[in-house]
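The listed protein sequences correspond, in order, to chains A and B.
In terms of this note's numbering, the first sequence has 417 at position 132, counting the first letter as 1, and numbering is strictly consecutive.
In terms of this note's numbering, the second sequence has 333 at position 48, counting the first letter as 1, and numbering is strictly consecutive.
Wrong hints could be hidden among the right ones.
It does not matter which identical chain is meant; a pair holds if it fits inside one copy or across any two.
Mimicking EDC-like on lysine to aspartate or glutamate, the simulated pairs with C-alpha atoms at most 20 Å apart in a straight line are [stated by the list, open to error]:
1) Lys376 / Glu477
2) Lys343 / Asp484
3) Lys376 / Asp314
Think of the hints as simulated: they come from the structure by calculation, not from any bench.
Protein chains: 2
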Amino acid sequence: MNEQPLILICNDDGVEAPGLRYLIESVADMGHVIAVAPSEPRSGQSAAITVNSPLRIKRCEDIAGAEVYAVTGTHVDCVKLAMHTVLADRKVSVMLSGINHGSNAGNCVVYSGTMGAAFEACMIGIPAIGFSLLHHSWKADFSQCGRFVRKITRAVLENGLPAGVCLNVNIPAKCIPKGIKTVKSSEGYWTEEYVDYKDPQGKPFYFLSGQFVDRDANNEATDNYWLDREYVTVVPVRPDPTASDLIPSIGAMLGEECQ
Amino acid sequence: MNEQPLILICNDDGVEAPGLRYLIESVADMGHVIAVAPSEPRSGQSAAITVNSPLRIKRCEDIAGAEVYAVTGTHVDCVKLAMHTVLADRKVSVMLSGINHGSNAGNCVVYSGTMGAAFEACMIGIPAIGFSLLHHSWKADFSQCGRFVRKITRAVLENGLPAGVCLNVNIPAKCIPKGIKTVKSSEGYWTEEYVDYKDPQGKPFYFLSGQFVDRDANNEATDNYWLDREYVTVVPVRPDPTASDLIPSIGAMLGEECQ
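All chains should be built: construct the whole structure from the sequences, respecting the hints.
What follows is the structure, given as structure tokens:
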């Protein structure tokens with residue numbers, strides 16, 4: 286029992302999300318699985334942490350033999366508090382985040398709670414993988430995800446990942462994926478970001494909406510290009526955003542000394 | 286009037302934060318300044334966006350001749366909603382975030398709302414700079430920050446920044462900084478992350494705490510090294526976390542095709 290891999294599973298859609306259940310079921314036979322997820326959905330919360338409120342963690346019903354816990358904070362809090370409580374700093378073999386209901390390809394990775402949780406595990410030194418299905422519905426069909434989840438998780442359990450790097454995996458919906466492409470995030474922007482409303486008093490309010498415009502739509506080095514063509518995409522990502530290649534030129538622009 | 290630079294200022298400590306006021310005052314004569322900040326503090330919220338609640342924006346009292354607005358969302362919402370409403374997609378010359386009450390050096394950059402807002406501006410194509418003072422207090426002394434804020438802002442107004450890159454500037458507290466160092470983020474981890482409590486019913490709850498352990502404490506290529514030595518540090522950072530250098534090796538590990 287002690288030689289089984291210890292697999293930590295988190296997500297940002299919350300402990301009730303079907304994607305969490307599917308992820309647990311997909312890897313239940315690959316190790317000892319412990320899932321720690323937010324008690325409420327936390328989509329779009331990036332790597333947010335709870336700094337000024339207390340947190341609680343409570344045991345929920347097991348899923349496929351895995352212990353499941355709910356935390357009253359963010360997905361990043363889940364990783365941190367799991368290490369502090371139920372895992373008691375035991376060595377985790379791999380951390381899996383998701384399966385997210387919706388894409389985390391392209392610029393979405395910046396806002397992604399799924400990847401925020403993976404970033405946290407990565408910074409602790411745990412090999413981490415975020416999985417996302419390109420379908421927002423709570424009733425999304427995850428049935429094509431399992432073999433890719435298992436293949437990628439197995440590869441990481443066997444080979445590890447370079448220090449400071451985790452994986453952002455996106456899975457196309459409503460198709461039988463044709464294979465895996467390891468690529469970079471596509472770059473784009475949103476237009477028509479808000480829908481404008483008036484309240485009964487005539488005062489304006491706004492809801493986030495928006496259309497993603499992919500500047501890399503024809504760039505086959507990018508994730509959205511291959512997702513559109515029914516491939517699973519893997520982007521290796523670093524939580525540390527330092528642009529090391531630009532340190533000399535920015536330094537020259539600012540001057541090493543300013544006095 | 287139209288030829289003045291248009292300067293957008295945001296923060297994550299909220300519209301009432303002294304650091305926001307100080308930042309506005311520091312650059313008030315450098316252009317037409319518009320500040321849009323969260324109505325409540327949003328520290329540690331990374332690049333979080335509000336996806337399922339309506340947002341409002343309201344005009345507050347001017348500061349040093351600058352229009353000031355409060356948004357009922359996150360710092361990232363502030364940037365997006367500023368573009369949608371008060372700026373109406375006008376061309377912004379530079380976006381400044383902060384001055385944050387507390388460090389965003391080392392791994393803190395991942396959780397930083399100050400930098401989350403700068404990331405958003407950067408992804409829209411606006412040259413962006415996040416400023417943080419290494420002092421959490423609401424009564425922190427910002428008086429040494431002004432000349433560095435002005436020098437770095439002026440350099441970016443004159444030279445721009447490479448596409449997809451923004452600056453993470455940290456300023457040491459309680460000293461007269463000796464100069465500027467352009468470096469990378471130091472890498473570390475937190476220990477003793479939580480303080481454990483029992484509620485009156487004897488049930489546990491937890492508050493985030495923690496000590497940062499700097500693995501790069503003796504590495505003079507890193508920000509915390511120079512902040513300890515009373516220098517202002519500048520780290521060029523990319524919102525896009527793709528680890529492009531590792532795409533070939535991760536691709537080889539996973540196989541290009543999985544069928």
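Comparing the hints with the structure gives:
Within a single copy, Lys376 and Glu477 get their C-alpha atoms only as close as 46 Å, which misses the 20 Å cut-off; across copies the closest is 17 Å, which meets it. In this homomeric assembly, Lys343 and Asp484 come within 20 Å of each other (Cα to Cα) only across copies, at 14 Å, whereas the closest approach inside a single copy is 39 Å. Taking the shortest alpha-carbon separations for Lys376 and Asp314, only the intra-copy value of 19 Å comes in at or below 20 Å, while the best inter-copy value is 55 Å.
Checked against the numbered hints given earlier, the structure satisfies every one of them.
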